[in-house]
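Please build the complete structure, drawing on both the sequences and the hints.
There are 2 protein chains.
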Amino acid sequence: MDQPLDLAALRAQVDTVLRDFLTGKAAAAAVQHLPQEAARALADFLAAGGKRLRPLLCVLGWQAAAGRGPIAPIIQVGAALEMFHAFCLIHDDIMDNSASRRGQPTIHRALAARHADGRTQAAAQRLGTGTAILIGDLALTWSGELLYTADLTAAQLSAVLPLVDIMRTEVMYGQYLDLTSTGHPTDDVERALAIIRYKTAKYTIERPLHIGAALAGASDPFRAALSEFALPIGEAFQMRDDILGVYGNPAQTGKPCLDDLRDGKHTTLVALALRHATPDQRRTLSVLIGDPALGEIAASRIRRLLTDTGAQAAVEQLIQDRWEQAEQVLARAPFSPPAINVLRELAHTALARKK
Amino acid sequence: MDQPLDLAALRAQVDTVLRDFLTGKAAAAAVQHLPQEAARALADFLAAGGKRLRPLLCVLGWQAAAGRGPIAPIIQVGAALEMFHAFCLIHDDIMDNSASRRGQPTIHRALAARHADGRTQAAAQRLGTGTAILIGDLALTWSGELLYTADLTAAQLSAVLPLVDIMRTEVMYGQYLDLTSTGHPTDDVERALAIIRYKTAKYTIERPLHIGAALAGASDPFRAALSEFALPIGEAFQMRDDILGVYGNPAQTGKPCLDDLRDGKHTTLVALALRHATPDQRRTLSVLIGDPALGEIAASRIRRLLTDTGAQAAVEQLIQDRWEQAEQVLARAPFSPPAINVLRELAHTALARKK
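Protein sequence lines correspond, in order, to chains B and U.
862 is the number of the first residue of the first sequence in the numbering used here; add one for each residue after it.
862 is the number of the first residue of the second sequence in the numbering used here; add one for each residue after it.
No lab work stands behind these hints: they were computed from the structure.
Misleading hints may appear alongside valid ones.
What the hints assert, rightly or not - Sample of chain U residues at the chain B side, in silico, Cβ under 7 Å:
{"id": "1", "residue": "P896"}
{"id": "2", "residue": "H952"}
{"id": "3", "residue": "A984"}
{"id": "4", "residue": "I994"}
{"id": "5", "residue": "L995"}
{"id": "6", "residue": "D998"}
{"id": "7", "residue": "T1002"}
{"id": "8", "residue": "A1015"}
{"id": "9", "residue": "L1022"}
{"id": "10", "residue": "D1026"}
{"id": "11", "residue": "R1029"}
{"id": "12", "residue": "Y1034"}
{"id": "13", "residue": "Q1036"}
{"id": "14", "residue": "L1040"}
As the list claims (entries may be wrong) - In silico contact screen, one side only, chain U against chain B (beta carbon under 7 Å); selected entries:
{"id": "15", "residue": "L895"}
{"id": "16", "residue": "M956"}
{"id": "17", "residue": "G991"}
{"id": "18", "residue": "L999"}
{"id": "19", "residue": "E1006"}
{"id": "20", "residue": "Y1009"}
{"id": "21", "residue": "T1030"}
{"id": "22", "residue": "M1033"}
{"id": "23", "residue": "Y1037"}
{"id": "24", "residue": "G1044"}
Even for Gly, the Cβ is constructed at its ideal location relative to N, Cα and C.
Pasting the structure below:
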């Protein structure tokens, strides 16, 4: 695999694996007189969008480590990572009580609406949440099935199982930190950075690369080199997300841009603003951030304060620093040259994006 | 392994594996400055009770199939099943909005109380639910880790992974059926039986036995013989649970005995009552069952109607029939004699129990 990867073709291959797998699950449910709703809702969710970043990075990790042999098993492992990601998003949307995702109603909202007939609103909401929890649980289970049916060698399977487990545990802990900090943002920038590291940098970038590299039999020092690239890029990726969550255009991002502020997310942006605010500014931020009824006028005030305290510029600088750090790693990394080019391009797309 | 199993000793061994595993997880979290709350809440939950039925049946399935070699890996697989069961109960309690389990507040209630300081009641409840969803997700992930770190041979691992996956998917579908039927019980006895089959008979009895037998390298016909015993016993086990859910003594069962009626659970007991009720009785049952504010007086009326329609006696008869069917299977089964004795005794304990 010395050719540059065709990312669009890879995405399509991952999507085919996911679609065929879920079509099979829906058919199996029909045969057993079990509800097809779960497999179908999951297929719709996956079809509605997503960057397929984790599958691509998995294949890139394999290519970076000069992986040889058929690519189909690697793509299926990538599909397993995307199925796991669907699990994460579905459960996160429940925990965050989000209304929309990828421009569509979130799964728990959609299912509450589907089962509204003959139920009180509270009962329909509870059922929507319950079925969405189960669909997430099925996605988590099925991500495991995609993994161990990927036609891996025994050596590959035993190399990736522990890594997949570490990845799962890390993102769950990241979400745990995020959840328990939300609503109470403070000036604790280190905590905000820890959330970013576990919930995004490790989960979105580092572990998918590690898993791909493990499939190619990469050594520990090789994995460490991947981490040196992945962690700064992953942190910067999430900081870009946090900025878009406050300043982004909902028509482009597909999610309402007041949610993070209404929820009182403990982001680096907010922590830095609180750290550098005057007492007056801090009071205003503390009153406004986390107000579930926050409107557009108050949001504009917050945006102005995030800018006035220098927090927005500081986060842009942190993104820039990490980007440069990652570039330097790529310049001397032991990765295969075609992988380096794609990683550089992906980093650029992820950090300069508007959605 | 030709000696009868010491069930109390086995339970203790399973508990030691679980306790050591979670102590390790809490210590690892502490080192990484991650919350220890998740591992600790899970350890407390497991320590608060439970029959350890699935681990015992896993070991029994292995013994029934004349398993040879060290028992420690089999016990660890049993512990993995118990960890998975903790996941199921934690998520089920959220979906059912249950207040207590094993005589203690459910995890989502306990965590809501723990994080109440400085939050509105609604925010604390949302956080309790969110962290409990995550603790369930961690339990599901860690059940996988217990499985593949159990020191199984490659042949054992590849035999059990698909079975564990089938088990997981079945119980999730069973819960899906249960959840979407709850609040709207009808006279559809077949649907009630399907819920029982997927949520209990397969999950609690059949699959743990299959998994144990697969660890001993059992053949397909051997597994089929286990199913012939397991499915009737499992169905009877759940019917006993449904009766206890209505007529049981909360001091003995550890759960409030009005929950099933308040939720409007679609049980065989209720479906049979609705099927055999007079129009008057049906009207009364339909008004009372599923009323979230149901009190003890109305519950007594329901109990009387369940008795008067003959539903209670019919369910007792269904339990008896299945018990006898399972006894007949044991009389001619190819299982090892010590396993047969314990299976007979377990069936007796499970079906005649008062809690």
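For each hint, the structure was consulted:
1. P896: holds (6 Å)
2. H952: With a minimum Cβ separation of about 6 Å from chain B (threshold 7 Å), the hint on U/H952 holds.
3. A984: holds (6 Å)
4. I994: Holds, because the Cβ-Cβ distance from U/I994 to chain B comes to roughly 6 Å (cut-off 7 Å).
5. L995: Interface hint status for U/L995: holds (5 Å vs cutoff 7 Å).
6. D998: holds (5 Å)
7. T1002: holds (4 Å)
8. A1015: holds (6 Å)
9. L1022: holds (5 Å)
10. D1026: holds (5 Å)
11. R1029: Hint holds; U/R1029 Cβ to chain B Cβ min 4 Å, cut 7 Å.
12. Y1034: holds (5 Å)
13. Q1036: holds (6 Å)
14. L1040: Holds, about 5 Å.
15. L895: holds (5 Å)
16. M956: With Cβ-Cβ at 4 Å, under 7 Å, it holds.
17. G991: Holds, about 4 Å.
18. L999: holds (5 Å)
19. E1006: This interface hint holds because 5 Å falls under the 7 Å limit.
20. Y1009: holds (5 Å)
21. T1030: holds (6 Å)
22. M1033: holds (5 Å)
23. Y1037: holds (5 Å)
24. G1044: Holds - the Cβ of U/G1044 comes within 7 Å of chain B, reaching about 6 Å at its closest.
Of the numbered hints stated above, none is contradicted by the structure.
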